[in-house]
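Q: So the chains spell out like this:
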Amino acid sequence: MSYADNAQSSYERALDRVPETVQVYIPILPVMVLVGLFILYPIAQAILSSFTDKTFLNPSEAEFVGLANYQEIWASAEIHQVLWNTFVWVAVGSSVAIVIGFVLGWLLHEKLPYTSVASAIVLIPWVLPRVVGASIWKFMFGGSQGIINEFLVQLGFIDEYIVMLGNPEYSIWPPIVGMIWRLAPLFALLTLTSLQGIDDRYYEAARMDGATPWEQFRLITLPMMRYNLAIGFLLMLIYNIRNFSMVWVMTRGGPGVSSSTLPIMIYRQAFVDFQVGFASALSMMLFAVLLVFSYYYIKVYDKVQGEFK
Amino acid sequence: MTTDADDPTAEFRKNQSWLYDSTAGGYVRKTAIGLTTALMSLFILFPLYWMVVTSLKTTQEIQQIPPTLLPVDLSFVGFEEVIYSSIQQGGYTGFVESTFGLEVASSIDIDVLGLIFNSLKVSIAAGLLALVLGTIASYVISRREFVGKNALMSLLLASLMFPGTAIMVPEWELINTLDLFNTHTALVLIYGAMTAPFVVWLMKGFFDEFPDSILDASRMDQCSPVETFLYVIVPMARNSLIASFIFAFLLAWNELVFALTLLSGDKATVPPGLLTFVQGFNTQWNVVAAASILVSIPVLIGLAYIQKYFVQGLTGGAIKG
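Which chain is which? The protein sequence lines are A and B, in order.
Using the numbering used here, the letters of the first sequence correspond one by one to residues 134 to 442.
Using the numbering used here, the letters of the second sequence correspond one by one to residues 24 to 344.
Calculated from the structure, these hints are not laboratory results.
Quantities reported herein were computed from a predicted structural model and do not represent experimental measurements.
There could be a bad hint or two in this list.
Listed below are the simulated DSSO-like cross-link pairs for lysine-lysine, each with C-alpha atoms no more than 27 Å apart in a straight line [unchecked claim]: (1) A:K244 x B:K144; (2) B:K331 x A:K436; (3) A:K436 x B:K172; (4) B:K144 x B:K290; (5) B:K172 x A:K244; (6) B:K53 x B:K331; (7) A:K432 x B:K290; (8) A:K432 x B:K53.
Covered, in the sense of this in silico footprint (three residues per stretch, anywhere, with C-beta under 8 Å from a C-beta of chain B), are these stretches of chain A [claimed, not checked]: (9) 228-239; (10) 268-276; (11) 313-327; (12) 397-411.
Built from N, CA and C at the ideal position, the CB exists for glycine as well.
So here's chain A without its partners, still in its complex pose (with noise of 0.2 Å):
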């Protein structure tokens, strides 16, 4: 109770004759409208389209196919090629995003002066436009003048430049290693944010009772970063599997499906193939993996919430 309470001015006299719920849900309305036509209702659409046989072609005159889409997925052996992919991407990209971006968060708190600048130069790949970070991958993964090429020559693992982007042997790598330097910088700063909110004292602690480094950091640093880190962990499996510009830049998921992964598919069944309701049914697999992670993400963000409150 303060004094503030006493002086209800007119202006409060007035807005209690607004119904509370006016109060409260006009201003949210203009947000949940946006949110919900341009983002709940697509989705809704999807899942209803994956049912059909819609095509661009005759939007209109979709039939109800039943299961067949999944079906489809079920049987096509290109698919099992795509989510295999996906899952490579998804598997390998994030764990060395999480690796190096663990190390160079560390170093940037532990050991490099300038910390502030320093992480805004490691920044600059993950907010780089998309299109942009892949183009300068693709350059330098080029199979005639690249610079990885020469690299690969001069560290003598090959004896000439070898076709890597055109090759369906190893096009699914560049693309993964552009997502690595795209996403580590995100991942680092995530440790060097997480690092910087552990209080020193848990340490001077620690060391007074003789607890060696390795120690401090089994037992104090990793269970203090534990959400944070299970928070980037989602974060990098969330952006891993959403990437679209980075394959699509570097090899529009080609030669053949070697290098396409789930949303690449996605694009291609719908915009170059025209099958709408194959491609929504796609778009169910991108979304219940997508709910999972969110799910998770949720519950990790509730559990931070309440831990620092």
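Based on these hints, arrange chain B on the given structure of chain A.
A: Only chain B this time, still in chain A's reference frame:
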């Protein structure tokens, strides 16, 4: 953290102490740390360096094998091509030639400045839309209790995960139904919807910390809630508001999927425009690099401003430092 306040060089000494460690194990550790740092810096920075160097090379030098690490003859031909072709596409050739006495000729036909202009238009509009709607909503969400508040916040958080590739097909249909295909309005609305939840989370974090005593003081001075919001809260929230705007702006600036599927021709924004350039036959990489640098400038300016807010912004405040 407490030591920093007493002794300004404490942090620096703490950071650097490893450098003066001269035990045998110390040297091993020093070498390992030095090597790791060098490798990481190479991985992160080399592509950026390569973009800058490439933009300063002549077209012949780019095709050279092995590639040169520094431009042998420094040339601004990439930037020239980009700017001249924009002048040509924009129809200003006559004006520029007569005013500046330059000869405008370009071998490419992509209006990069036009793309930048389109992107600025879309990104600023989307940023403002998200900022205004998001801030109003977040204020109420932070200050009032109501049914479904937690569900609403979770829904908004979840909706941050989905946009982009997962909904490009139905979004295309929706935009067609609304008769907004190939308009900037469509992108503004979608980007607004993609970033508004994020603004809500970020600003809610700010309002949650906002002291009640200031609100009480403004009530004493007979401000209406709307006046309090406009004249007391908004000025104090300036930094958070700017950060939110920049986040929304950057998302719109970088987004490829919707720009690629919903726009065509001279409506194109930077990402799809650059894409046609990169995927064309016989890509002139010095021109691509020059264009890339030009379109990255707003991003770098934005980064300098929001660096402090970056982590909060990215995770809606989920990571606390």
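Q: Hint by hint, say whether it matches the structure.
A: Comparing the hints with the structure gives:
no.	hint	result
1	A:K244 x B:K144	violated, 43 Å
2	B:K331 x A:K436	holds, 23 Å
3	A:K436 x B:K172	holds, 17 Å
4	B:K144 x B:K290	holds, 11 Å
5	B:K172 x A:K244	violated, 44 Å
6	B:K53 x B:K331	violated, 30 Å
7	A:K432 x B:K290	violated, 41 Å
8	A:K432 x B:K53	violated, 40 Å
9	228-239	holds (count 3)
10	268-276	holds (count 6)
11	313-327	holds (count 8)
12	397-411	holds (count 5)
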